Every structure is written in C-alpha cells, then in structure tokens.
Amino acid sequence: MSVFVNKNSKVIFQGFTGEHATFHAQDAIKMGTQVVGGVTPGKGGTTHLGLPVFDTVAEAVAATGADVSAVFVPPPFNADALMEAIDAGIKVAVTIADGIPIHDMVQLQRYRIGKDAIIIGPNTPGIITPGECKVGIMPSNIYKKGNIGIVSRSGTLNYEATEQMAALGLGVTTSVGIGGDPVNGTDFVTVLKAFEEDPETEVVVMIGEIGGPQEVAAARWAKENMSKPLIGFVAGIAAPPGRRMGHAGAIISNESDTASAKMDAMEELGHYVARNPAHIGETVLRAMKERNIPIR
Amino acid sequence: MNIHEYQAKELLSTFGVPVPAGSVAFNSTQARQAAEELGGNRWVVKAQIHAGGRGKAGGVKVVATLDEVQKAADAMIGSKLVTHQTGPEGSIVQRVWVEQASQIKKEFYLGFVIDRGTQRITLIASSEGGMDIEEVANKTPELIITEVVDPAIGLRDFQCRKVATAIGLKGKLMSQSVKLMKAIYRAMRDTDALQAEINPLAVVGSEGEERLMVLDAKFNFDDNALYRQKQITEMRDLAEEDPKEVEASGHGLNYIALDGNIGCIVNGAGLAMASLDAITLHGGKPANFLDVGGGASPEKVTNACRIVLEDPNVKCILVNIFAGINRCDWIAKGLIQACESLNIKVPLIVRLAGTNVEEGRKILAESGLSFITAENLDAAASKAVAIVKG
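In the order they appear, the protein sequences are chains E and R.
For the first sequence, the working numbering assigns the number 4 to the initial residue and increments by one for each residue that follows.
For the second sequence, the working numbering assigns the number 651 to the initial residue and increments by one for each residue that follows.
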C-alpha cells in the first residue's frame, strides 16, 4: 500500500510534448509507472513516446481511464490546467511549476471546493511510491521501498532526508512534496491523515520550513489523531526575518514563522524533532527503536 | 516587488481612493515648486524609501513655509535614512513626496493580505491607526478585526459595514469606508498584490465635513505575476534593491547576502536553508544564501562562484548539490571552469549527491584542482567551519 498513487494509477502528462514532460515521462515509465498518454492542446490525434496525445484532459480520461495527471504546464497557464484536470475527473493532479501567480492559486482553491480531487504542489518535485508510480521530477533511484512516509515542502531537502534514511537501511512507502508556495493544493494535515490511514506506513517524517502556520497546525492535528510516530524538522534556523528564502512561501513575517518556534511547538506536542538537518535519518531510526517498529 | 508610498497613492487614486494632493520631487527646488503649486499653508515632506519606520527616523517633516519645505527636502535627499526596517546600513533617499498636510481627527488601520491559513484575501482593520500593527496585535488582539473574502464572490458591502462598525466608523464615514475598502480590494486583485496596507487611514476635514483619506500606503506585488502587470513593473526602483541580488536574479540565481564568512552555493531553497542551518549549528556563520536552481549549467555555476566571491568576507565556499533535475557531472564541470576562469583562491568544500554523482566525483578528482570533498551534509558543514576557524 501507499498514499495517493500506486501501481494501479493511470497517469497522463499535461503539456506532454514539452521537453521536461517528455524527459520525466520517460523516467517514470522506466520506473514502472503506468503512463497512458498525454494532453497538448492542438496536437490531439498524434502520438508521443508511443502513447496517444489528446487536445483536452476530458478526452484523455474518456479514452484511457486516467486518474492521475502530471501537470507540466508553464506557470501562467498552470492553474487553468489544474481546473481542467479537476473538471475532467482526475483524482490526483501534481503540479511541478514554480512561479504560479498566487491569486491564481487562491482562485483554484475556491474552484476545488466540493470537487473530489487532490492537488499536489505547486513548486514541488511531486510524489513517488517507489517501484510503483512516480509523478514528478525527483531522482527515483534514491527512493527504496520501506515503511516510512515522507512529506516535505522542499524538494532537495526531501532527497537529503531520503538519502540519510537509505544510508541507515530505511525506505519509504510514499514521498510527497507539498511544495514551497504560500498557497498550495495539499497541506501537511491532508498528507498526515493519508499516512495514518495507510496500513503499510508505520512512521511519518514531516519536513517543513520557515513561514506560515502549517507545520504547527499539522503537529497539533497529529497529537490528537495519529497513532504513528511523527518526526519533524523545520529548515531556516539561520534565516533572517523578512527575507524570502528562495521559496515564495519561505519568509519569516512574525515570531511564530521561525524554524525554532515551529520545532519547539512540535517538541512540546510530544513529537520527535531533528534539530539538525544532518540528523533526520538517525532521529527516524531512534524513534523506530523506541517505538519497537521494525525496519522493513 | 515593492513600490514607494507616492506610487501606491497614485495607484490607489486611479481606483477612486481619496489621497492627499501631492507631488514627487527629486531635488529641493522641485520640492519647493511642488508645495507652491499645491498651495495651502502646511505641507508634509516625506522621504521615499521602501522601508517602513520613516517617521521615527526623521524621514517625515510637517512644515509651514516654502523655505522650510526646501530645507526639509534638502536635508532628506541624498541622506542615509536608518529605520528599524532598513537595518544598520540604512537606505539613501533619492526622492521626496510633498503633500498638503491634513487636519487629522482620528486614525485607523486597514490592510489586505493573502492569509496562509484560509488561503484567501483577508481584510484586517483596527481602530488603532498610525501604530505598528503587529504591536497592536500582540498587546490588544481584541482591537484587530478580520474579514475573509470569498474569491468567487468578492468583498461584499455588508462585510465592509461589519468591519466599519467594529472599528467605530459611523454615519457618512461608514458609507465612505465601504466604497474605500472595496476599491482597495479591487486594486489588490487587479494588480496581483500580495499585500496592501493603509496606515493610517485618517478622518480629516472640519466639523460636519469629515471624510476619509489615505495618509500612508504600502503595496507589495507578486513577482510571479509581473509578466501580466506591465504598469506595476514600470514602477520598480532598482536603487532600492541590493545590486548583487538584482544581478544574481538576472542569471537565474537566488542570492541573499548575510553577514558571515562561509560562502554557500546550493541547489534548491530547502537544502540551501538547511546548509546554512548546518553551518550555524557547527558554530560557523554563512556569508550568503544562494540557490542555483534546477538545470545548473557550467555558466550558471561560474556566475554563482563569482557573485559569492564578490563578498570580501568569504573565506571558503561550501558547494552542496543534491541533483534531481540537475546533474552532478555538469556541476563538477562548472566548478572546474569557475576555478580556472576566476582564479579562485579560497578553499572549495564540495558535496555532491544524486543524479550522475559518480561521474561528478570522478571529474573533480581527475581535475588536479584541490577541491575538499565531503560525503554528506554534516561533513561538509563541519569541514567548512573548521577551515574558517583555522
């Protein structure tokens, strides 16, 4: 088992014939992902990578039964592409783009209400269930199968944590990047809830960063609702206030936005916290030993 | 992207929001002329820099003669203004705004932000205008009124009336405030602003003639939406930005200067922040934040090294790359190219991981250059700190 995507997921690529989509679709197929086609408006009826290309997501869904979409559409048109995916009945849409205008995301979040779709991103490396399904741009070879769920705002810090864990023999069920933007499709709580419900996930790692109330809200939710141990880290201990640290959402606007305040809150709520980004792997291992959770 | 107060007032005025009559001046003669043309017998001369806290720092003067207007402008233009938001290095005043002074009866606070919790535009208002709103929020949270806007429906009249009542705007002022709040909301939406702050919103005018007036305004815009905001983009004042950060962004790099001595070149914002954290936890001080982003070509890596080395405090550079869409072999080639073309004298500590890591390490090892390699983040940070501590 896993969360959001697995070996049965049928994936299409929006913006399929573009350079990045082509490269990452090939990599996803190599890993075993069921890629069933793609969408590029104006190129419907052609084939790409031996797969059918459609003009609209609705046509692609009707013809292939796709339920997951990797949205590789440039930022100015990305929110529209996400709405199209939701409208066509896609269940999980992953949007990689960095640079979607925030007002577009505010509109999208309104549009989604009452519709049953998960939006992962934007500004994310995507989601991967090792050996089954990859929808994104992460280096798939570093993800080994295991019993740990990872959710992070940053992409590269997700890789970092994954490598530290792999070095200790620890693998993952699913890794989810929720992205570095201030308004994002999926928050930490949604992913924690999915991990809590997934029988194969036994431990959850949450990697946050400065800015916004998400990490603490998730830590509170976890205290009330999770039986599985949660290990947290928040990047940006050394970040100055008022500066946007690369990610649109990574900015300290007030005291509760700081990395230390968030990690203090997580610790007070009884969760495991790696205070040093180099110690994420060993903190996970310690939590597993203390909770008698086997390495799988 | 930020703009000056006078630009924000001009922008608001095009949306029908009442602002004092005024004019921008780049020298004291212009300032005097502006005051003369505006007429009246009291003026405010306001230094135009992007940082807040100008009043306390001497950047706002109320004067009663044209000579005083000229004197105030003369003192401000070209001077360095240090406020709690500029940092100790301050900001050089290039222009002033001269406006007719208003008879202030009462001051309010009005702000629109994109609230990260609700993911919607939220109106924040307070009867405590003219003060630092965060201080008000900390000391008297009950005086902060918030109203969330449904993006599909927009800000409604009843919501504005609710806010007006809560902060004590009655009668004619209430109906004025409804129009004003809706106009500011529209301005924010139409210009892709992240934040619109009016502080203070003042009640001005004589008995029976009271009206609302925006006395100070601050706007902050979404950089990601500037492609569709030509008019806003034209308001950008590069003199208010760090020239190195501007140069870096021209090369697709995200650079922020800090005050330490360990230069950093990292891919990805999260790993870049974590690298600064690891250095700090080892007792070192990072000189900068630098995210080279995805697809870092050798040219991009060379530019990154050059920008980091322009800081004379830099004693060594920590390069930390976890390649996803990047490739370690390209990074390695870029580093060698940088070492050769820039004649780099400081030690380079290099940690490579991810896509094509073996090729990357091999290229570095065979280069004959003395890179200090590190297997992981912890080792990289500890080696960098050990070098600067000697």
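Some hints here could point you the wrong way.
Simulated DEER-style distance windows between Cβ atoms [as the list claims (entries may be wrong)]: (1) E:G92 / R:R836: 32 to 38 Å; (2) R:R956 / E:A169: 17 to 23 Å; (3) R:T1023 / E:G92: 32 to 38 Å; (4) E:D90 / R:E1009: 43 to 49 Å.
Hints in this document: simulated from the structure, not taken from any laboratory.
Keep in mind the model is a prediction, meaning the values are calculated, not measured.
For every residue, glycine included, the Cβ atom is placed at its ideal position computed from N, Cα and C.
To see whether the hints hold, each was checked on the structure:
Separation of G92 (chain E) from R836 (chain R) is about 35 Å and conforms to the stated range, judged on CB atoms against 32 to 38 Å. In this structure the supplied range 17 to 23 Å is violated for R956 (chain R) paired with A169 (chain E), their Cβ-Cβ distance being about 35 Å. Range check, T1023 (chain R) to G92 (chain E): Cβ separation about 50 Å, and the 32 to 38 Å hint is violated. Look at D90 (chain E) against E1009 (chain R): about 44 Å separates their beta carbons, and that is inside 43 to 49 Å.
Violated hints, listed in ascending order, are 2, 3; each of the other numbered hints is respected by the structure.
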